[in-house]
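Colleague: Chains as they are written, first to last, in the numbering used here: chain A, 1243 to 1512; chain B, 30 to 272.
For the record, the hints were derived by calculation from the structure and aren't laboratory data. Just so it is clear, CB atoms sit at the ideal spot from N, CA and C, and this is done for glycine as well. A hint or two may mislead.
Examples of chain A residues toward chain B, derived with CB under 8 angstroms [stated by the list, open to error]: (1) G1284; (2) R1297; (3) V1299; (4) D1309; (5) K1313; (6) Q1314; (7) H1419.
Okay, derived cross-link-like pairs now, EDC-like style, lysine to aspartate or glutamate, Cα gap no bigger than 20 angstroms in a straight line [as the list claims (entries may be wrong)]: (8) K1320/A to E245/B; (9) K1313/A to D261/B; (10) K1274/A to D1357/A; (11) K1417/A to E1245/A; (12) K1417/A to E1443/A; (13) K1442/A to E1455/A.
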Amino acid sequence: MTEIIVVTSGKGGVGKTTTSASVACGLARRGKRVAVIDFDIGLRNLDLIMGCERRVVYDFVNVIQGDCTLKQALIRDKRLETLHVLAASQTRDKDALTAEGVRRVLDELIADGFDYIVCDSPAGIEKGAHLAMYYADRAVVVVNPEVSSVRDSDRILGLLASKTQRAEQGNGGVKEHLLLTRYNPRRVASGEMMSVDDVKEILGLDVIGVVPESPDVLAASNSGVPVILNDESDASLAYDDAVARLLGENLPLRFLEEPKRGFFARMFGG
Amino acid sequence: MMTKPVEAAAAPAPAIDVRFGQVGLIQVRIRSTDPGAILDELTGRVASAPLFFQRTGVCLDLTVLGREPQVEEMRPVMDAVRRAGMLPVGLVGESAAMESLSAALELPVLAPFRGQAQAAVPVVQPAERAESGLPALMQHQPVRSGQRVYARSRDLVVTATVGAGAEAIADGCVHVYGSLRGRAVAGARGDTGARVFCQEFRAELVSVAGVFRVFETLPPELAGKPVQAWLDGDDLRFAPLGG
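Excised from the complex, chain A in its bound form (with noise of 0.2 angstroms):
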């Protein structure tokens, strides 16, 4: 049984594809076979995010028209061997993808076998969000504690309960879960950001995970290693239990208070 995750969040910036490859990393990682792919058409970044982007040669634009087959698209990661993800096309505009044609790449990694399909949205409302969420079974809300973000998302909730396939034929809807990242619990303290409980009371959703601000995300973007599996960073182990909470376990939210030194080393040193 498949399941098909959508990892969006309305706005840019607040790390939708830093979220996509560490879920999708922290899936294949406790043994499930994951393709993520990118449907940010012409402003392609997974790859980058995810170290293959020379290793790019058909896109997830060529596999709709037909120039290659998925299997020829699909590109293995050399870290987990049951990962695999799917390039958009940089040099092509949103409109090369079409409902059907996502459609049919998806049925074909269904009939694969895959367990999971992550499907990084773009930013904004327009087509390459509204297929990426359109198929999907649950969604990974990406939100950061700031009123524009929470709008944003917001925004997103609704279409998520009106605009997917699962809302439409009404077969108990889309399953939301929120994730706040970059949450910095000193500016929480002094009032300067919004609190987990804010954006919770607002958003009216539960939080599959808290990922602290942490300097480890931009490292790992820039190296191309996806932060979860930088196994010595607080946002890589936030990410890992709210992979954990995915799948169902029960963990209780960490890094929600400012770390204190010599306690934290003790806990997570080593």
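Position chain B relative to chain A; hints supplied.
Modeller: Showing chain B alone in chain A's frame:
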């Protein structure tokens, strides 16, 4: 009250121009009306040079078929050609049935090219050399990620950088007097003599006449150096330029 469009106020420019002009057109000679065989062969052709063949207008030449095909016979043929990615824009044929075919298929009958009509050569002329006499296409601005510059029937000269995720494509040679970080495709229509030259080699992909190589890691002897790439038989070769 609506204001008039700007054009209406100025001197009336004609909405259209009718001109006589010549355009090159690929001829697909139909020797058999078996749609399966046509689709198979054309798909192979299109795959060998997708940039050139994909969505290219083609003319279906029925003169070598040696008989008059029926309309019902031609519809699957047209479908096969379209499914292979080409767009039929006209028919060539001499028989009396052409008029009814033309009307039924809604395609014009074009004058046959007598010089080539009888030659028993492959369906499409491969390896069209870039000997059109056209001067090279000059690109003085950087080719940015996601951009694609194509020099049809000639060389391409880029005096700036070809960025990662950008594509510099020519039917002839590709010259990059800057850093080549993206893709360079020479001989896009099959010219095996075309080459790729660059000042600073950091390419993601280099292709000559459909033979390509992906650079997941850059070989240290080529990285950052002036490099040329050429086809030696079926092998794509690379070497630093100069001493």
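Colleague: Which numbered hints turn out to be false for this structure?
Modeller: 5, 6, 7, 9
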